[in-house]
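2 protein chains.
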Amino acid sequence: MEELKLKEFLPDEYLTLDDFLAEAYPADIADFIMRLEEEEQEYLFREKLSLPQLAEIISHLDYETQHYLANLLSDQDISDILSQMYSDDAVDFLGSMPVGKVKNILNLMRDQKASELQRLLGYDDESAGGLMTTEYLAFYSDLTAAEVLEKLRKISPEAEMIYYIYVISRTKELLGVLSVRQLLAAQPDIQLKDLMTEHVIKVEIDLDQEEVAHIFAKYDLLAVPVVNKKNQLMGIITVDDAIDVIEDEATEDIYKMAATADIDTGRLLASIKKRLPWLLLLLVGDLLSGSVIKSFEESLQTIVALAFFIPVLMDMGGNVGTQSLTVVVRGLATGDLHHSRFFRHLWQEVRLGIIMALILGATISVVAYFWQGNPSLGIVVGVSMFITLLAAIIAGTSIPFIIDFLGADPAVAAGPFITTLIDISGLFIYFTMANLLMEKLI
Amino acid sequence: MEELKLKEFLPDEYLTLDDFLAEAYPADIADFIMRLEEEEQEYLFREKLSLPQLAEIISHLDYETQHYLANLLSDQDISDILSQMYSDDAVDFLGSMPVGKVKNILNLMRDQKASELQRLLGYDDESAGGLMTTEYLAFYSDLTAAEVLEKLRKISPEAEMIYYIYVISRTKELLGVLSVRQLLAAQPDIQLKDLMTEHVIKVEIDLDQEEVAHIFAKYDLLAVPVVNKKNQLMGIITVDDAIDVIEDEATEDIYKMAATADIDTGRLLASIKKRLPWLLLLLVGDLLSGSVIKSFEESLQTIVALAFFIPVLMDMGGNVGTQSLTVVVRGLATGDLHHSRFFRHLWQEVRLGIIMALILGATISVVAYFWQGNPSLGIVVGVSMFITLLAAIIAGTSIPFIIDFLGADPAVAAGPFITTLIDISGLFIYFTMANLLMEKLI
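In order, the protein sequence lines correspond to chains A and B. Just so you know, my numbering puts 385 at position 385 of the first sequence, and the rest follows in order with no gaps. Basically my numbering = 1-based index in the second sequence + 442.
By construction, these hints were calculated from the structure, which means they are not laboratory data. No experiment lies behind these values; they were computed from the predicted model shown. Think of the CB as a built atom: it goes at the ideal place given N, C-alpha and C, for glycine as much as any other residue. Keep in mind that the hints are not guaranteed to be accurate.
[As the list claims (entries may be wrong)] Derived DSS-like pairs (lysine-lysine); straight-line CA-CA distance at most 30 Å:
| no. | chain 1 | residue 1 | chain 2 | residue 2 |
| --- | --- | --- | --- | --- |
| 1 | A | Lys218 | B | Lys555 |
| 2 | B | Lys644 | A | Lys48 |
| 3 | A | Lys202 | B | Lys490 |
| 4 | A | Lys101 | A | Lys113 |
| 5 | A | Lys151 | A | Lys230 |
| 6 | B | Lys635 | A | Lys154 |
| 7 | B | Lys545 | A | Lys113 |
| 8 | A | Lys193 | B | Lys614 |
| 9 | B | Lys593 | A | Lys154 |
| 10 | A | Lys113 | A | Lys151 |
| 11 | B | Lys660 | A | Lys202 |
| 12 | A | Lys154 | B | Lys882 |
| 13 | A | Lys48 | B | Lys660 |
| 14 | A | Lys154 | B | Lys660 |
| 15 | B | Lys614 | A | Lys151 |
| 16 | B | Lys660 | B | Lys671 |
| 17 | B | Lys671 | A | Lys294 |
| 18 | A | Lys218 | B | Lys736 |
| 19 | B | Lys555 | A | Lys440 |
| 20 | B | Lys593 | A | Lys193 |
| 21 | A | Lys151 | B | Lys671 |
| 22 | B | Lys635 | A | Lys218 |
| 23 | A | Lys294 | B | Lys545 |
| 24 | B | Lys614 | B | Lys596 |
| 25 | B | Lys545 | B | Lys671 |
| 26 | A | Lys218 | B | Lys882 |
| 27 | A | Lys218 | B | Lys671 |
| 28 | A | Lys151 | A | Lys101 |
| 29 | B | Lys596 | A | Lys151 |
[What the hints assert, rightly or not] Here are some chain A residues the structure puts well away from chain B; computed CB gaps all over 10 Å:
| no. | residue |
| --- | --- |
| 30 | Leu10 |
| 31 | Asp31 |
| 32 | Glu38 |
| 33 | Pro52 |
| 34 | Leu72 |
| 35 | Gln112 |
| 36 | Leu152 |
| 37 | Ser169 |
| 38 | Ala242 |
| 39 | Ser291 |
| 40 | Gln301 |
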């Protein structure tokens with residue numbers, strides 16, 4: 001394999017590929033690998049990286065590269081790698097493999113880890129259970145500070161997050177939490193139960209990942225314990241996973257608002273499947289707009305100037321509606337806005353909408369008058385604009401609230417769909433008004 | 443003040459307001475306060491909450507509520523509160539006050555803290571310096587593990603983040619880092635310089651906050667040290683602040699893409715200022731679309747059916763362009779996409795675009811033919827659609843890359859503006875083609 005070619009992508013501070021692989025952070029090595037062609041990746045995976053190195057790198061690779069790597073390696077190698085990974089990362093890696101392979105691999109692993117992974121695989125990917133790791137620190141409440149510190153000295157490298165220490169009963173119920181900070185400052189012979197905070201911020205195992213992320217953002221936590229219905233400690237979620245969720249959820253919302261789905265991976269067929277169905281749906285909507293125009297064919301035949309204002313009426317309604325809608329969708333996603341504030345928020349938007357619709361309606365009215373020298377046309381365009389904009393603001397504000405209230409994701413309502421709906425109503429209002437004032441327009 | 447009325451908003455598990463204020467988390471008390479009217483807020487701030495409680499709550503309040511609180515309190519009270527806050531939160535609070543007041547307050551504080559805050563106020567809000575706190579742990583490299591553990595026992599409550607320990611020279615240069623985990627596991631008499639990792643992930647003080655957030659997300663860090671040009675340790679940034687940045691930057695991008703700005707606070711005039719200017723600009727763009735139609739007035743007069751396809755041509759170009767653009771804007775924001783991949787990405791999009799434009803162009807062509815019974819009209823509409831969609835994909839992909847390359851934020855290009863640009867070109871292509879084929883169309 002031409003190492004020279006690979007070197008082009010190396011960060012400047014490394015002279016050789018071997019230096020880079022030996023010294024760089026796993027996240028940087030992963031970034032490097034993801035920029036390579038498949039044959040180059042294969043060379044690195046097979047010839048250059050040891051299993052312990054791979055164990056560190058894998059969690060930073062994207063789904064496609066993990067999938068490719070899983071196909072290259074033997075089941076035995078994968079099981080060795082998995083036993084060196086944190087359980088949340090291991091489960092993600094297993095998620096990139098076919099079910100049959102997962103079964104074979106788990107059979108090769110030592111019993112305890114395998115059954116742990118098996119259990120974690122059972123949780124919904126997008127729930128607290130799907131995010132959690134089982135490497136945490138929990139001690140019984142009658143241990144003393146000195147005993148726990150002594151244990152920490154020996155076992156700490158095993159746990160993903162040693163900064164919070166959880167206190168549990170003999171039946172694994174979560175009783176409290178303390179920080180290493182508290183432990184260091186404590187008298188050696190004090191028991192955990194007298195040291196811990198009982199007021200623990202925790203999440204249930206089936207909580208949606210977006211809610212989990214809100215809890216991290218709100219309370220500034222480094223980790224949060226996950227419990228089942230019986231309040232037994234099942235695992236912990238660490239803040240790095242919460243960050244990934246926040247980024248992914250924002251991306252998902254942005255994509256939904258543009259009527260595309262998921263991140264493009266450069267696979268042609270997958271990309272077409274993600275975008276084309278939405279476009280075909282929108283095409284139907286636009287043809288409905290067209291048929292509104294067709295149903296007023298005679299008016300248009302009589303006054304062709306009506307057509308000049310089709311773009312401005314269509315677009316401005318969509319723009320105003322999208323503004324209102326975006327504020328609601330994002331507000332609901334970040335938790336800044338809540339159902340309970342619907343009427344208050346709607347009132348704010350309507351008040352704002354009346355003023356903006358007046359200004360924009362008056363502006364376009366004056367423009368239409370001077371451009372076409374026809375005062376009646378000015379009135380038709382201006383009044384239609386006012387009504388359309390107000391309707392757009394009310395629709396843009398209400399629809400995402402309603403969708404959220406029904407339990408679906410408000411972002412799906414977004415952008416193009418509301419715009420198409422507003423287009424159709426706007427054109428209808430415009431031509432109906434023009435029809436009513438037809439005699440004055442001629 | 444009617445406590446009864448306030449009680450309506452209390453979470454169910456608290457019976458009285460006093461219970462709630464005594465037991466709830468600062469973040470929950472802040473959420474509660476932000477839902478109240480100003481007089482109710484004043485009552486809580488003046489009568490119910492002690493200065494130490496306020497010090498804990500303030501960082502969770504939004505800008506407006508911080509501003510309102512600063513107006514209620516005396517300079518002396520504020521200076522007492524500030525001395526109990528972490529310096530990054532204190533600086534944010536000072537940022538909500540007028541310059542004169544800040545000066546008075548800093549004069550009332552003890553010298554060291556005041557000059558620290560003064561210095562922090564000098565950094566750009568959206569840079570590493572603006573995010574960092576000066577409460578961190580740093581020790582000289584010749585101290586032993588036992589000495590440092592002994593110090594930690596005494597000073598840890600002061601520092602915001604004790605989980606990383608920074609190692610510095612006598613001139614404050616950053617030499618290395620170690621975790622409390624490493625310290626606990628170490629031999630008591632080993633010196634920090636033999637224990638630390640020299641390969642520290644750090645950021646320069648003027649780095650943009652978005653880059654800072656990327657570093658947290660990539661390397662899964664809990665805190666990152668901030669250094670000046672001389673590599674002297676100036677402060678640290680903690681992961682909770684990185685989370686806020688990630689959420690805020692995503693919100694900002696989403697708002698820009700909908701041509702609105704910043705979060706609405708319900709202040710009418712402020713909201714109008716944020717939305718109306720964009721709308722007026724877009725109005726001008728739409729009038730340009732209208733004048734394209736006007737310049738083909740005669741063709742339209744002859745074949746009124748041309749107007750029926752204005753909505754579909756305008757909308758589909760915008761939709762397709764927005765999809766391409768969204769993928770680029772979000773990819774550049776999260777770091778998944780980089781300048782260097784422009785041509786590769788453009789090629790992917792064009793390949794995808796050709797297929798989608800063929801399918802959509804053929805569909806609309808057939809629809810136009812059967813709807814209007816005019817094969818030539820079908821050809822005009824279909825071919826215009828194909829050209830417009832392809833142009834939309836190329837523009838939607840290239841423009842954000844170009845804006846990013848010029849050093850501006852690609853999100854400003856987004857949504858409505860590209861759409862308006864595509865509208866104008868799409869209409870122009872459509873009517874030009876119609877004109878060329880006029881004889882066949884009649």
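Here's how the hints hold up against the structure:
| no. | hint | result |
| --- | --- | --- |
| 1 | Lys218(A) x Lys555(B) | 27 Å, holds |
| 2 | Lys644(B) x Lys48(A) | 28 Å, holds |
| 3 | Lys202(A) x Lys490(B) | 28 Å, holds |
| 4 | Lys101(A) x Lys113(A) | 17 Å, holds |
| 5 | Lys151(A) x Lys230(A) | 27 Å, holds |
| 6 | Lys635(B) x Lys154(A) | 22 Å, holds |
| 7 | Lys545(B) x Lys113(A) | 60 Å, violated |
| 8 | Lys193(A) x Lys614(B) | 40 Å, violated |
| 9 | Lys593(B) x Lys154(A) | 22 Å, holds |
| 10 | Lys113(A) x Lys151(A) | 21 Å, holds |
| 11 | Lys660(B) x Lys202(A) | 26 Å, holds |
| 12 | Lys154(A) x Lys882(B) | 87 Å, violated |
| 13 | Lys48(A) x Lys660(B) | 23 Å, holds |
| 14 | Lys154(A) x Lys660(B) | 29 Å, holds |
| 15 | Lys614(B) x Lys151(A) | 34 Å, violated |
| 16 | Lys660(B) x Lys671(B) | 23 Å, holds |
| 17 | Lys671(B) x Lys294(A) | 68 Å, violated |
| 18 | Lys218(A) x Lys736(B) | 54 Å, violated |
| 19 | Lys555(B) x Lys440(A) | 75 Å, violated |
| 20 | Lys593(B) x Lys193(A) | 25 Å, holds |
| 21 | Lys151(A) x Lys671(B) | 42 Å, violated |
| 22 | Lys635(B) x Lys218(A) | 37 Å, violated |
| 23 | Lys294(A) x Lys545(B) | 68 Å, violated |
| 24 | Lys614(B) x Lys596(B) | 22 Å, holds |
| 25 | Lys545(B) x Lys671(B) | 29 Å, holds |
| 26 | Lys218(A) x Lys882(B) | 66 Å, violated |
| 27 | Lys218(A) x Lys671(B) | 34 Å, violated |
| 28 | Lys151(A) x Lys101(A) | 37 Å, violated |
| 29 | Lys596(B) x Lys151(A) | 22 Å, holds |
| 30 | Leu10 | 14 Å, holds |
| 31 | Asp31 | 8 Å, violated |
| 32 | Glu38 | 15 Å, holds |
| 33 | Pro52 | 18 Å, holds |
| 34 | Leu72 | 24 Å, holds |
| 35 | Gln112 | 23 Å, holds |
| 36 | Leu152 | 5 Å, violated |
| 37 | Ser169 | 22 Å, holds |
| 38 | Ala242 | 7 Å, violated |
| 39 | Ser291 | 7 Å, violated |
| 40 | Gln301 | 5 Å, violated |
Checked against the numbered hints given earlier, this structure breaks hints 7, 8, 12, 15, 17, 18, 19, 21, 22, 23, 26, 27, 28, 31, 36, 38, 39, 40; the rest are met.
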